[in-house]
Amino acid sequence: MALQDYEKEMMYCARCSICKWVPLNQIKSWRFSNICPAITRYNLHAYSGSGRVIAANSLYQRRSEITDELMEIIYRCQLCGACNIPCRLVGEVVEPLEIARELKMKCVEEGMILPEHEFMIDGLKKEDNVFGEPKEERGKWADGLDVKDINKEKVEVLFHAGCMFSYDKDLREIVRGMVTLLKKAGVDVGIAGKEEACCGGRAFDIGYKGELIKYAEDVVARVKASGASILVTPCADCYSAFKQFYPMIGQGFSGVEILHITEYLDRLIKEGKIRPTKEVSMRVTYHDPCHLGRLGETYEPWKGEYKKELGQVIVTEPQKQLRLGMGGIYDPPRDILKSIPGLELVEMERIREYAWCCGAGGGVKEAYPDFAIWTASERIEEAKSTGAEAIVTACPWCERNFRDALERSGDKIKVYDTVELLQQAVQEGG
Amino acid sequence: MALKRNAYRTLERIVGSENISEDPAVLDGYIWQWGAEFIGKGNRFTTPRPEAVVLPGTTEEVQGIVKACNRHGLKFKAHSTGWGAWGAPGVEGVVLMDLRRMNRILEINEGDMYAVIEPYVIWAQLQVEVMKKGMNCTTIGAGSAASALASCTAVMGGSYNNLSMGYNDRNVLGVEWVLPDGEILRLGSLGSGAGWICGDGPGPSLRGIMRGYWGSFGGFGVFTRCAIRLYQWGGPPEIPSEFVGPRRERFLEFPENVSIHMLTFDNYEKRDEAIFKIGEAEIGYAAAFMGRGLASVAAGTTGKEAAEMRDTVVGMIPAISFTLVLVANSKGEFEYQKKVVAKILEETEGSDFGAAMMMDPEIRDGRLLLYIKGGVAPVRGVIGTSGYFLPTMCGGLYTRRTIGKAEPLAIEVKQKYVKEGTLCQDMGEGQWGTFHDGAHVLYQENETLYDPNNAESVGAMTEAAEETMTALRKENITSMPVTFDEIGVAKSLKGAYIHDLVGPDMSNYQVWMRKIKAAFDPNHTSDSSSHIE
Chain A
10 MALQDYEKEM MYCARCSICK WVPLNQIKSW RFSNICPAIT RYNLHAYSGS GRVIAANSLY
70 QRRSEITDEL MEIIYRCQLC GACNIPCRLV GEVVEPLEIA RELKMKCVEE GMILPEHEFM
130 IDGLKKEDNV FGEPKEERGK WADGLDVKDI NKEKVEVLFH AGCMFSYDKD LREIVRGMVT
190 LLKKAGVDVG IAGKEEACCG GRAFDIGYKG ELIKYAEDVV ARVKASGASI LVTPCADCYS
250 AFKQFYPMIG QGFSGVEILH ITEYLDRLIK EGKIRPTKEV SMRVTYHDPC HLGRLGETYE
310 PWKGEYKKEL GQVIVTEPQK QLRLGMGGIY DPPRDILKSI PGLELVEMER IREYAWCCGA
370 GGGVKEAYPD FAIWTASERI EEAKSTGAEA IVTACPWCER NFRDALERSG DKIKVYDTVE
430 LLQQAVQEGG
Chain B
283 MALKRNAYRT LERIVGSENI SEDPAVLDGY IWQWGAEFIG KGNRFTTPRP EAVVLPGTTE
343 EVQGIVKACN RHGLKFKAHS TGWGAWGAPG VEGVVLMDLR RMNRILEINE GDMYAVIEPY
403 VIWAQLQVEV MKKGMNCTTI GAGSAASALA SCTAVMGGSY NNLSMGYNDR NVLGVEWVLP
463 DGEILRLGSL GSGAGWICGD GPGPSLRGIM RGYWGSFGGF GVFTRCAIRL YQWGGPPEIP
523 SEFVGPRRER FLEFPENVSI HMLTFDNYEK RDEAIFKIGE AEIGYAAAFM GRGLASVAAG
583 TTGKEAAEMR DTVVGMIPAI SFTLVLVANS KGEFEYQKKV VAKILEETEG SDFGAAMMMD
643 PEIRDGRLLL YIKGGVAPVR GVIGTSGYFL PTMCGGLYTR RTIGKAEPLA IEVKQKYVKE
703 GTLCQDMGEG QWGTFHDGAH VLYQENETLY DPNNAESVGA MTEAAEETMT ALRKENITSM
763 PVTFDEIGVA KSLKGAYIHD LVGPDMSNYQ VWMRKIKAAF DPNHTSDSSS HIE
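Chains as they are written, first to last, in the numbering used here: chain A, 10 to 439; chain B, 283 to 815.
Don't read these hints as lab results, they were simulated from the structure. All C-beta atoms, glycine included, are put in the ideal place defined by N, C-alpha and C. One should not assume that every hint holds.
[As the list claims (entries may be wrong)] In the DSS-like style, the derived pairs of lysine-lysine whose C-alpha atoms are separated by at most 30 angstroms in a straight line are:
hint, chain 1, residue 1, chain 2, residue 2
1, A, K317, B, K414
2, B, K414, A, K347
3, A, K163, A, K287
[To be verified] One-sided and incomplete, this derived list gives chain B residues near chain A with beta-carbon spacing under 10 angstroms:
hint, residue
4, I313
5, P690
6, K756
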């Protein structure tokens, strides 16, 4: 795809600015009524979903070129997909999220690359991860866990840790705890260790489609070779790549069930294989990671046509997926939290499909750390407004960014992964 | 024409480097606008690019920008949420002020029942905050993502709840106004230091000057703050609903003493009689006309669904009707209102059509949310279906005698275009409108769905609107603004088209508007392309 493939999708932007807001009937306060971090922080219309669509159209019609200023605007977008949700309430033609990503690809094509993103890609090319950490050390997080190596034996469940959980030492106990829980529940689980590679999702979100294709082929082949019938990941980014990005490029896991760790653990709890019995007395609020929520629903590629009925009513033939985000993962992590004795779950104002982003995605964390922290701080303020003692999430990127924001602000609210709390609630041998 | 460097630096010093841009693609985001296709032959990149866009954060910054434009021989135009071609420059040499940073609710005064707001506060934000305090405000038919300040001070348009709260321009109280020469004028009680409570004094009562015929559309200085009247609200402080997709929302808890009714009649005369009786009885929270053609094509979650549902929906809805929403403070008052409705229906031989069906959550909840909150539904209904809409008969403020003549005429004129398929096939029945001032004044548009990217459809839209306008004037329905259509506003980017067209029918008001404009804007600094030159 390229900009010319989105001609219709650009031409029908109504500039109604609905893309800037939480779906209007769900607005609960002035303070938390915005949905898009970029337009909220930077204000020029070009930062909004609509503004990006119009800028793309301007480029496509050769009315303008990518300047340094426009490049900054293009990259200052987490591609969190928030704009897409209210836009879908207006119509089904315009695709602000896909066009915003296409703009990043155009920048890459024209060699307008940020040094921080270049570093990520170099890291991928040399070490198969976006941090440039040694590939040899990718599996070290699992040292001593006695977990199966899929390179040596077949498994029923393949656990794909992802780059962040593999290398961020602050988060290591969380990911180790996940595998421990699975093993306790009797799951036949294995990992790829140092042979595991990036899913390619982060590269795609900074405009590198070729990298996504390369890594998708690698991951799909590895999963197939493992013989696993279930692919589990604790990383929302990887989950989204598997559910959305891979179908976009014609890749998929035939016959393999793809689950986020919260889905799988929730299933195991409901089957009685994991029993959270120990009280965890805490008031918490849950942050929906974009990549697990609205970007976690299965993507259905569409190569149809726009036709007319009743004179001028635009219809898609066959019907295009609406992509309202409703097929994302919202209830499993909440159900896990609700299953923990003593834990009180309170909701923020912006939840589920219209949750506010943590700020870490789209290469923003790497290239514009202040913007990433500002975005996280906005979410933390919302979490604090509920009276919660902790903000709980289900994505290592969100957790990393929240931790960094709290370190800077000195706020006392705690951050947890959903599974961390579950671990606390599971008695020895439970 | 590039902005001269000294002018740019002046503006940059006022707003800061982060809040100014001359980037062509960024500027294009301010001219891609609804209605521009009518002057651009199918391409919305038509109106002149602004020289720069600036984002002021305070009244002082607005004042600084306006004075700088006066000094540097530039024009300026301000917009808030910026939806429509009138929000873009009409001429070259314009500095566009995007008022997005001025987005605060400054005060909610419960005792005197008003809220003071800045330009980028949208209706949805204001309503949700005042409802928490047992009050409510009007919204706007365009949907609640529109600026509340712009709606009341500078733009025309009606709202579902105008029945109980009056037309939007009646709800503006004190106003802070940066005039085209950079001076600040404070209207109403604000002008005499008596606070925001009154639009008419003590202090200058210049609301007519401020709005002109139907609002200056950004062409007459900048309104930086205003107070909006609030009303008692009998409903709950919050109306939680489940988000289940376009037009499929559900109340989590249905509010007490609230109901929705579709009242139907055999003819327009009986319907209009009932409307006026409801006004006289002072009951009802919200009401609106909704033609069955419009209701049917706008009802689907997708275009395909709308097309499939059309015949079924049309078969279900009577041709002559209006919708009424009741919201009462108590069970007793609720019962009283329902009895009054029943009595009026008896007197006008009307019926409460499909009362049980209307209270089916599947139908009830989405419609009630539309009538109470506005929300996205109006936008989905008229934009998502074909790409865009324009009213043929637009924004007319009708009386009981004129509405019944104007409405069927507009339906009839549209038939030709509907049959040939250049416009959406709504049977001509695209009526949408609201009641105000005790239902003595009725606002009605005939929404017409067209494809903005299809030249034939755009052409048909233009012809249908002009033909409707001409037909109405032939019937002497000219003592009211039947030409309030956006095509006219778009054309007026090249001159005061509408005012010169209808002014002679209405005491030549355009002569006075020109004199006022000249007196307030001696340097012609405020880009008044959508107002009057």
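Comparing the hints with the structure gives:
1. K317(A) x K414(B): 44 angstroms, violated
2. K414(B) x K347(A): 29 angstroms, holds
3. K163(A) x K287(A): With a Cα-Cα distance of about 34 angstroms, the restraint between K163(A) and K287(A) is violated, given a limit of 30 angstroms.
4. I313: 9 angstroms, holds
5. P690: 21 angstroms, violated
6. K756: Check failed: Cβ of K756(B) comes no nearer than 27 angstroms to chain A, outside 10 angstroms.
When held up to the earlier numbered hints, the structure conflicts with 1, 3, 5, 6 and fits the remainder.
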